[in-house]
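Residue numbers (this note's numbering), protein chains in the order written: chain E, 1 to 251; chain W, 1001 to 1517.
Hints may be right or wrong, so weigh each one.
What the hints assert, rightly or not - Simulated crosslink set (DSSO-like; lysine-lysine; CA at most 27 Å straight-line):
id	chain 1	residue 1	chain 2	residue 2
1	W	K1511	E	K110
2	E	K186	W	K1511
3	E	K152	W	K1490
4	E	K152	W	K1511
5	E	K200	W	K1511
6	W	K1381	W	K1003
7	E	K200	W	K1003
8	W	K1031	E	K186
9	W	K1065	W	K1406
10	W	K1508	E	K3
11	E	K195	W	K1321
12	W	K1490	E	K110
13	W	K1065	E	K200
14	E	K186	W	K1490
15	E	K28	W	K1031
Please keep in mind that the hints were generated in silico from the structure rather than gathered at the bench.
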Amino acid sequence: MIKLEKVNSEQHQEIKVLTEGVLTNNAKLHMSHIMPQEFEQASQYYPLFLCKDSDSGRFQPMALFGLAADENIYQTSGLWEKCYLPLKLQSQPFYLIADPEQEDNNEVDKPCLAIDINDIRVQANQGESLFSEGKATAYLKQQANVLAELSKGFMQNSDFIALLSEHDLIEPVALDIKYNNGQEYKLDGLYSINKEMLEKVPTDIRKEFEQRGYVTLMIAMLSSINHVGTLIDIKNEFNAQQQSSHTKRIN
Amino acid sequence: MSKSLKHVVIVGGGSAGWSTAGSIAAMHNSKSKQGIKVTLIESPDVSSVGVGEGTWPTMRGTLQKMGVSETDFMRQCDVSFKQGSKFVKWVTGSEDDFYYHPFVLPQGYFDINLFKYWQQDSQGKSYSDAVCFQEQLCEKGLAPKLITSPEYAAAANYAYHLDAGKFSEFLKSHCINNLGVEYVSDHVGTIKSTDSGDIHSVNTKNHGDISGDLFVDCTGFSSLLIGKHYQVPFISKKDVLFIDTALAVQIPYEEDDAIASHTISTAQDAGWIWDIGLPSRRGVGHVYSSSHTSQVDAENVLRAYLHHSIGEKSEDLVFRKIDINPGFREKFWVNNCVAVGMAAGFLEPLEASALVMIELAATTISEQLPADRECMDIVAKHYNARFSYNWERIIDFLKLHYIASKRLDTAFWRDNRNPDTIPESLQELMSLWKHRSPSEYDFSHKREVFSAASYQYVLYGMDFEFTQMPSEANETEQKLAQRMFADNRKVTEKYVSALPTNRELISKVAKFGFSRV
Chain E
1 MIKLEKVNSE
11 QHQEIKVLTE
21 GVLTNNAKLH
31 MSHIMPQEFE
41 QASQYYPLFL
51 CKDSDSGRFQ
61 PMALFGLAAD
71 ENIYQTSGLW
81 EKCYLPLKLQ
91 SQPFYLIADP
101 EQEDNNEVDK
111 PCLAIDINDI
121 RVQANQGESL
131 FSEGKATAYL
141 KQQANVLAEL
151 SKGFMQNSDF
161 IALLSEHDLI
171 EPVALDIKYN
181 NGQEYKLDGL
191 YSINKEMLEK
201 VPTDIRKEFE
211 QRGYVTLMIA
221 MLSSINHVGT
231 LIDIKNEFNA
241 QQQSSHTKRI
251 N
Chain W
1001 MSKSLKHVVI
1011 VGGGSAGWST
1021 AGSIAAMHNS
1031 KSKQGIKVTL
1041 IESPDVSSVG
1051 VGEGTWPTMR
1061 GTLQKMGVSE
1071 TDFMRQCDVS
1081 FKQGSKFVKW
1091 VTGSEDDFYY
1101 HPFVLPQGYF
1111 DINLFKYWQQ
1121 DSQGKSYSDA
1131 VCFQEQLCEK
1141 GLAPKLITSP
1151 EYAAAANYAY
1161 HLDAGKFSEF
1171 LKSHCINNLG
1181 VEYVSDHVGT
1191 IKSTDSGDIH
1201 SVNTKNHGDI
1211 SGDLFVDCTG
1221 FSSLLIGKHY
1231 QVPFISKKDV
1241 LFIDTALAVQ
1251 IPYEEDDAIA
1261 SHTISTAQDA
1271 GWIWDIGLPS
1281 RRGVGHVYSS
1291 SHTSQVDAEN
1301 VLRAYLHHSI
1311 GEKSEDLVFR
1321 KIDINPGFRE
1331 KFWVNNCVAV
1341 GMAAGFLEPL
1351 EASALVMIEL
1361 AATTISEQLP
1371 ADRECMDIVA
1381 KHYNARFSYN
1391 WERIIDFLKL
1401 HYIASKRLDT
1411 AFWRDNRNPD
1421 TIPESLQELM
1431 SLWKHRSPSE
1441 YDFSHKREVF
1451 SAASYQYVLY
1461 GMDFEFTQMP
1471 SEANETEQKL
1481 AQRMFADNRK
1491 VTEKYVSALP
1501 TNRELISKVA
1511 KFGFSRV
């Protein structure tokens, strides 16, 4: 269970965070949020889709790591170390939360920095300190920057999605996967850009898309879908290995 | 050559006027110069009656065709989800007496009739609970879908509860702003006829004569065109459906009360009480037969009912009285004039037939819109036959609720089962249904208001006496039935654990809205 505490120099003076271990910590994560500023980079490694947030029903750009629930093919295949790590994962074990001390006054929500003290990387012995002589360390400042990027990204994403929805450019993508061993799997809940509708967008809107950098985002998302094929190949290979080692054992 | 139809004039607003305007304008592209022109004349100081707070699932398709966003509609018309009706105390009147008429069809409806297998071994479940997962969703106060479901898509088939006044306003602004409907706020006075008896134009106080090719009478009870002008007789059905008066009231919620996702209809000594949960309030009303009780007694019954949920507060409430004259016009379409809504007919709100009849009329008129005056008489002939049939079927279906009851405690219930008050068409069906289930053979029209499944839910919910035809059990079918019951249990479990409460989802719609895809 995640347990968030507002970061402060008194309470967290002695705490350290291991910089290694993000990947093993997320070994069963099958997707993660992607921000506009990292779209292009992420699209070189992961298939990017839009998915609905289960709590709000709103679309969020996501990078897919697996083709089934709890599956992370990048981690199981050892590929992950060579890939770009999304901001959302870089920011762990830190989070932005609504300031518990500010909740009652009427000021605009100013988020504050929090740490998940139940994260396995958070302990007292090794790793980066958060504070040194009561002052934030370079590590903490860097993590705070990543979170600031993230929160900027979430807002930009929501503008991007709003414009896509307004022009009916989002369409569901059904992935019907058939593995070499005959196993079939239907992956739904994924959405992408509707190319046909995109061609029908009036010139002035198209211009707006270009000016806001949305065309680059859309191209990145559409081209990244090819990575699904790579993931299927890796799984086929993995299945074949499993099969042959199983056969060997029987023999 | 006969004059082609180019201009439809709708007299009267309300749910009827604006639904008809919206359906015709959307289908016939009124916002383009080449489309059919639609003008709606609404009197500035006639207020609509504001009944019909429940819809049928067909409303989803109707709104979608008009290009309405479900999120906008839900936010602006104070809308909650409706998954069917719960009938309380209709069978025996005892405290634990209830049954459901859900919107989801029985499991395997098109492949097998599960009734006889349920009758052989009900496993302690009611018919609707054994064959349909929706009763459990309603009993547990759950919503029919998720916030991630697209607009109008359902996990469990659903309709709406809505604020009828806000609904008219919402459709009005959609019709004017998005669909190209011409709006005239004025009083309609005299009517000018042509030699053939058609309406040439209607005269308005400030906008002069407004002429058109087809006139739609949406003037409600006053029935200005079809009733007053054409003198089409009204066929009263008070001898079949005794209810003629309603007392209505709005009840605010206590903080975070659950919002029921079904209409609750509770039988009383001389009528029944509706209870409809909107997001911001409940709408409650007592409909009764004035020949079987007095207004004072009816008010006391309603107060006693409300006392259960709001206690002392029920004592100061003031009820609004509405007269119900059950029945419909002998014809609905005469010359170049067709009546929609209460101008055409009206019945007690049991099974929420008011709005669905408006939708059905508006859809039929749009889809069958005659190309020219010559075609119009043929279309009118078909329309009249179809809608007389529709009204008759609704009356049969409503009457079914009263005659399948086993209550003998008051004159109202006993009189309802007097054969002289039961339409012959229904008596015939009841004879058939003693030995076989209601089937699609009995309701073979396209777009029937109530399908055989609805009749099954009511009959078997009400413990209707039934004797099997003596025949050997078919083993294959027996197995299929067992599988269907098991499937229903599985689906019920799955939905009960996955769906949010009705109030949760309605709050999320207000906050986030649904996506179109």
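Status of each hint after checking the structure:
At roughly 20 Å between alpha-carbon atoms, K1511 of chain W and K110 of chain E fall within 27 Å of each other, so this suggested pair holds. Restraint check for K186 of chain E and K1511 of chain W: the C-alpha separation of about 31 Å exceeds 27 Å, so the hint is violated. For the hint pairing K152 of chain E with K1490 of chain W, the CA-to-CA distance comes to about 44 Å; that exceeds 27 Å, so the pair is violated. Between K152 of chain E and K1511 of chain W the CA atoms are separated by roughly 21 Å; this keeps the pair inside 27 Å, and the hint holds.
Pair hint K200 of chain E plus K1511 of chain W does not hold up; C-alpha atoms about 31 Å apart against a cutoff of 27 Å. Distance check on the hinted pair: K1381 of chain W and K1003 of chain W sit about 19 Å apart at the alpha-carbon level, within 27 Å; holds. As the CA atoms of K200 of chain E and K1003 of chain W are separated by approximately 38 Å, the hinted pair breaks the 27 Å bound. Between K1031 of chain W and K186 of chain E the alpha-carbon distance is near 43 Å, which puts this suggested pair outside the 27 Å criterion.
At roughly 43 Å between alpha-carbon atoms, K1065 of chain W and K1406 of chain W are farther apart than 27 Å, so this suggested pair is violated. At most 27 Å may separate the alpha-carbon atoms for a hinted pair to count; K1508 of chain W and K3 of chain E meet this at roughly 26 Å. Restraint check for K195 of chain E and K1321 of chain W: the C-alpha separation of about 57 Å exceeds 27 Å, so the hint is violated. Distance hint between K1490 of chain W and K110 of chain E is unfulfilled; the C-alpha atoms sit about 46 Å from each other, more than 27 Å.
Restraint check for K1065 of chain W and K200 of chain E: the C-alpha separation of about 22 Å stays at or below 27 Å, so the hint holds. Distance hint between K186 of chain E and K1490 of chain W is fulfilled; the C-alpha atoms sit about 21 Å from each other, no more than 27 Å. Under the criterion of a C-alpha separation no larger than 27 Å, the hint pairing K28 of chain E with K1031 of chain W is inconsistent with the structure, at around 54 Å.
Against the hints set out earlier in the document, violations occur for numbers 2, 3, 5, 7, 8, 9, 11, 12 and 15.
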